[in-house]
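> Using the hints, position chain V against chain W.
Line by line, the protein sequences are chains W and V. When we follow the working numbering, the leftmost residue of the first sequence carries the number 1, and every step to the right adds one. When we follow the working numbering, the leftmost residue of the second sequence carries the number 1001, and every step to the right adds one.
What the hints contain is simulated information worked out from the structure, not anything from laboratory work. Being a predicted model, the structure only gives us computed values, none of them experimental. Backbone N, C-alpha and C define an ideal beta-carbon position, used for all residues, glycine too. There could be a bad hint or two in this list.
[What the hints assert, rightly or not] According to the in silico footprint, chain V covers these stretches of chain W (three or more CB under 8 Å from chain V):
no.	stretch
1	98-108
2	216-228
[What the hints assert, rightly or not] The following residues of chain W were derived to be distant from chain V, with all beta-carbon distances above 12 Å:
no.	residue
3	15
4	25
5	33
6	245
7	463
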Amino acid sequence: MAKPTGTTTAPVDFKTLSGIPVETVYTAADVAGLEVPPPGEFPYTRGIHESMYQGKLWTMRQFSGFATPEETNRRYLYLLSQGQTGLSVAFDLPTLMGYDADHATAEGEVGKCGVSISSLEDMEILFRGIPLSGVTVSMTINSPAPVIWAMYLAVAEKQGVDWSQLSGTLQNDILKEYIAQKEYIFPPRPSMRLVTDVIEYAMRHVPRFNPISISGYHIREAGSTAVQELAFTLRDGMEYVEWGVARGLPVDSFAPRLSFFFNAHNDFFEEIAKFRAARKIWAETMRDRYGAKDERSWKLRTHAQTAGCSLTWQQPYNNIVRTTLQALAAVLGGTQSLHTNSLDEAYALPSEHAVTIALRTQQVIAYESGVPDVPDPLGGSYFIESLTAEMEREAREYIRRIDHMGGMIPAIERGFPQTEIANASYEYQHSIETGEQKIVGVNAFVEHSEEPLEVLGIDPSAQGHQLEKLAKLKSRRDNAKVEACLTSLRSVAAGRENTMPHILDAVRAYATVGEICDVFREVFGVYTETSVL
Amino acid sequence: MEPRIRVLVAKPGLDGHDRGAKVIARALRDAGMEVIYTGLRQTPEMIVNAALQEDVQVIGLSILSGAHNAIVPRMMELLREKGMDDVLVLVGGIIPDEDAAELKKLGVAAVFQPGASLEAIVDFIRSAVKQTA
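The shape of chain W in the complex, shown without the other chains:
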């Protein structure tokens, strides 16, 4: 991405954001010997469907949640009325960390980064007036994922919706929490057991639900390169497959429901190549390494989100343009669903106005640009094909190194992915400092007076409202029943039985997120990382 600022005839080293050298021109010689079958054919480099978006556009799914379940419910009803085709729930930090709104550490954090959910009652309010049979719902939750998913299933029961009709995605990807986002509670092994409990339970009882979204997004946001994002995410995916198989599940019984989530960052062609390489590596790995025979197990289905970390505080309207390019890369990369960030997200959670522009961005690409009309229109481009092959090569090298460490958990325990990401993020920041990497409005084309932006404020009464509701619930519910459910969950957690049925019983009795996670804290302990600088 290093571009010369003036005209020059001196040789300039062009490279992608991942540092892959870029030649002056690409020709047939760069792709000699490369075979790339058409879209819909193994290994799906060009897309998992033969007709791609001719058959069905991607799902436009804006991640959203703030303050109380009441307020977020209003935002969901608005987004659905504006043509959004799926929901995606953002939870606040206390919920993500398995604390109720009334926990001491929740002070000042309730409803700030997402919606506050402490009990089934909050979840019922969140989906009020939204029949779960008619909408796909994605939930970004990891350590407490089994608890939140149990609440979702209980809401479906109350709405009279059969679980076989439910479709959506639970993030439930704990490995990338240790690697990047750091919202872990328990140590890796018991956490992996909970992840596998969810995968197994979904396979048996909620067959259309994706029980995991193996996420590179957060790895990238933490500062990794595109190659690292690709490699660490796929290696995480392999770890989940191995745990499922070790549980005794036939690989083809659960692999078709594994889903992915990648970032769409600034380097346009590299991002497109990343999606293409991901599909190829996954398909070959599932078939050849894990012996999957069902072609649905080979197909990497993915969600994409434009890069939050690329948004600038300076000249924020430029963020619309950045997001448009990134969204276009995700579409050209063949994503199945997409979130576009809003122009004001370097400041706050997005305003309704800003999120509408972000949704319209996808709609313009979908309905006006003509881009979705042809599957993988860049297939066969000398540059794209050669970049895809190079990203595959570099990602496989990382995967081999992690295999040699004994898999992703030992790699995490020795801080390997964390160190690689920290180094990459420091180098990237350094390249911005030196001006080698230009960021419009930040270190180039700077303006000194800027119009203030109107941003969403979180109503400070949200915390009080949540506390009051929770206190009332705790006095109203059958506390003896709650205790009995928690006691039985404690003994199941200490054994090997699947925890899901017992978590479901507890949430139906209105046991809270915090109470259930406390049982797990007691049995599994909590994890503290050794920080890598």
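Structure of chain V alone, referenced to chain W:
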């Protein structure tokens, strides 16, 4: 040789997004400062205790979650109680202008918002520590 400036880089609150904190810690270290990084999820009490034990001249807080209005006032109060008013406090992260002004009233020396350069932060610490020395 001048003694090295000692800085505590801390990540308070529940948020785990530590990219900024780590980049700053490394940049300060590369600029010749002695940097202690607390790691994640520090309470104001933990941060003040660490600052006391490590005898730092500067505390840098990284807060992206919007919880700064709950965390920073508590920490400033603790610093005062322990007679550590002379410690330079910097806050970096997603801090709206009006909140930044409030934090400065509480005694925060500087607030660095997104896009701030590492060089500006290093320069600020150097000149501020020199003034108070």
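> Going through the numbered hints above, which ones does this structure break? Give me the numbers in ascending order.
7
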